[in-house]
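Trainee: Here is what each chain is made of, one letter per residue.
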Amino acid sequence: MTSITLENVVVDFTIYGTQMTFRSELLHRATGGFIRKEQGNKRRVTIRALDGINLSLKEGDRLALIGHNGAGKSTLLKVFAGVYEPTGGRVLVNGRVSALFNLAPGWDSEDSGYENITNCGMFFGMSREEIERKTPEIAEVSGLGSYLDLPTRTYSAGMTTRLAFAIATSIEPGILVLDEGLSAGDASFAEMAKQRINSLLSRSRILILASHSLELLQSWCNTAILLERGRIVCSGPVADVIEAYQKGLALSTSQHVA
Amino acid sequence: MSPQYASALTDIYEGCANWRMWSRFGWLEIRRRYRRTLFGPFWTSFNVAVMVFSMGFLWAALFHQATSRYMPYLTAGIIVWQFLATCINEGATTFSANAGLLTTMRVPKTLLIVTMVWRNIIVFFHNFLIFVIVMLIWRVPVGWATPLFLPGLLLVALNGCWIAIVLAIVGTRYRDIPQLLGGLVSIMMFLTPIMWSRDTLSRGVAIGYVIDFNPIYHLVEVVRAPMLGEAPELMNWLVSAALIPIGFGLALYLFSRFRPRITYWL
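Respectively, the protein sequence lines represent chains A and B. Position 212, counted from 1, in the first sequence is what this note's numbering calls 212; the numbers after and before it change by one each time, with no gaps. Position 226, counted from 1, in the second sequence is what this note's numbering calls 1226; the numbers after and before it change by one each time, with no gaps.
No wet-lab data here; the hints were simulated from the structure. Please note: incorrect hints may appear among the correct ones.
A few chain A residues that face chain B, going by a derived Cβ cut-off under 10 angstroms, partial list only [what the hints assert, rightly or not]:
hint: 1; residue: V11
hint: 2; residue: K78
hint: 3; residue: V97
hint: 4; residue: A99
hint: 5; residue: F101
hint: 6; residue: P151
hint: 7; residue: E243
Glycine is no exception: its CB is placed at the ideal position from the N, C-alpha and C atoms.
Whole structure, please, built from the sequences with the hints as guidance.
Mentor: See below:
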């Protein structure tokens, strides 16, 4: 049974910049005592990106993340994807999480199209047999034919996108994590792309999608949360949460005017 | 076992067990680097050859050594040293060099380390070709001890792994470390008997103790001695082997403690 549960998840980012280099750390060590402590607190800048997130998703859930820029959508996606391990709380995962933030992990423009299919497939966690089985289908969707034997640096941007899209949509995701939709490139490809995406979505047990396009969220998702400053302020069916989000927008603009 | 240690060990297991990935990407990285060049990966061996053949004769004269003994000694030493030095230098930047990957996917961090070490093992064998040429020119004896360089190399590679894990963690957090290491590593080469040999020095000089306490000397010697047809001293084996549990203990401690933070540091 595929499921994913977040218990009281907190993510704090410490901003490392000029103030926290090796040199200052050494100086802190040297000064020691309570001065260091006070200074340390003053100088360390932390940002709480997620604050006390509780969520539980089971098979069939298609979750939409809604919120302004900087509300914590992407950070939450990365917690789901296992990229960021929360600084507080727990994440319990049952199943394979596939995140498509990077459509072509392991891609190298010096490698041929076929080699890149294997590269990306491996990073997506496919076995060798799985990659071999899927290569003809990926080749067909990409429509690149004998170009697949050439180094991918010879491809146009559109060709590269198509191949990456064909590979990424061939995975078998248990839990699929997406930031915005999937870009497929040129319009002539749109119908095929739509089918690929639909089939990918139907293969995934759980979907987690963040987007600014309310239309996309409404058509792909069945449940939603609204994030504000790293907290869940509203959750429920997509339509209701979108309504709450739009009300909030209207409210904040009217406050601005007043 | 605390959950921190459990997830650190899971990462190490997943990284090491996925040999298909690290072997493929280790090779590919070498191929990419030299693609469209005439000699491909043999460029690294060519560069070693240039260094050995240009400086070797000069140093042999400076240190009053017979070239027939000195040239094989220098070549073997440099090849082993280069393996260790790249593990140190590239180890410190392994995570930051793969920031794009680590911030977009869940990848076992150990996989990146093993890929790097494997790549340098391949480079070692490319460089080994130069040593074979040197062997033929100066008639280095091949005996029962010669194949011992393989277990020796295994010991050095395992040491390279923990060194890389430790340095990768520290080097990601403190970006000064990789810069600092660049300079330190070349100093280490001069302080370790690679260009000069032990017996040119230890005649009544207390510096012999300094060599014995230099772990890098033992790591180099455990591979170099068999390459020159001699069995390494027991002490070389012991030190090289003992460093592995000690080093991995340190690596595991740091890794379990800071592994979840690494992505935040990128």
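Trainee: Look at each hint and say if it fits the structure.
Mentor: For each hint, the structure was consulted:
Because the closest C-beta pair between A/V11 and chain B is about 9 angstroms apart, less than 10 angstroms, the hint holds. With its C-beta approaching chain B no nearer than about 8 angstroms, A/K78 sits inside the 10 angstroms limit, and its interface hint holds. Nearest Cβ of chain B to the Cβ of A/V97: about 7 angstroms, under the 10 angstroms cut. The hint holds. Because the smallest distance between the Cβ of A/A99 and any Cβ of chain B comes to about 6 angstroms, under 10 angstroms, the interface hint for this residue holds.
Interface restraint check: A/F101 against chain B, minimum CB-CB distance 4 angstroms, threshold 10 angstroms, status holds. A cut of 10 angstroms between beta carbons decides the hint on A/P151: the least distance to chain B is about 8 angstroms, and the hint holds. The criterion of a C-beta within 10 angstroms of any C-beta in chain B is not met by A/E243, whose closest approach is roughly 33 angstroms, and the hint is violated.
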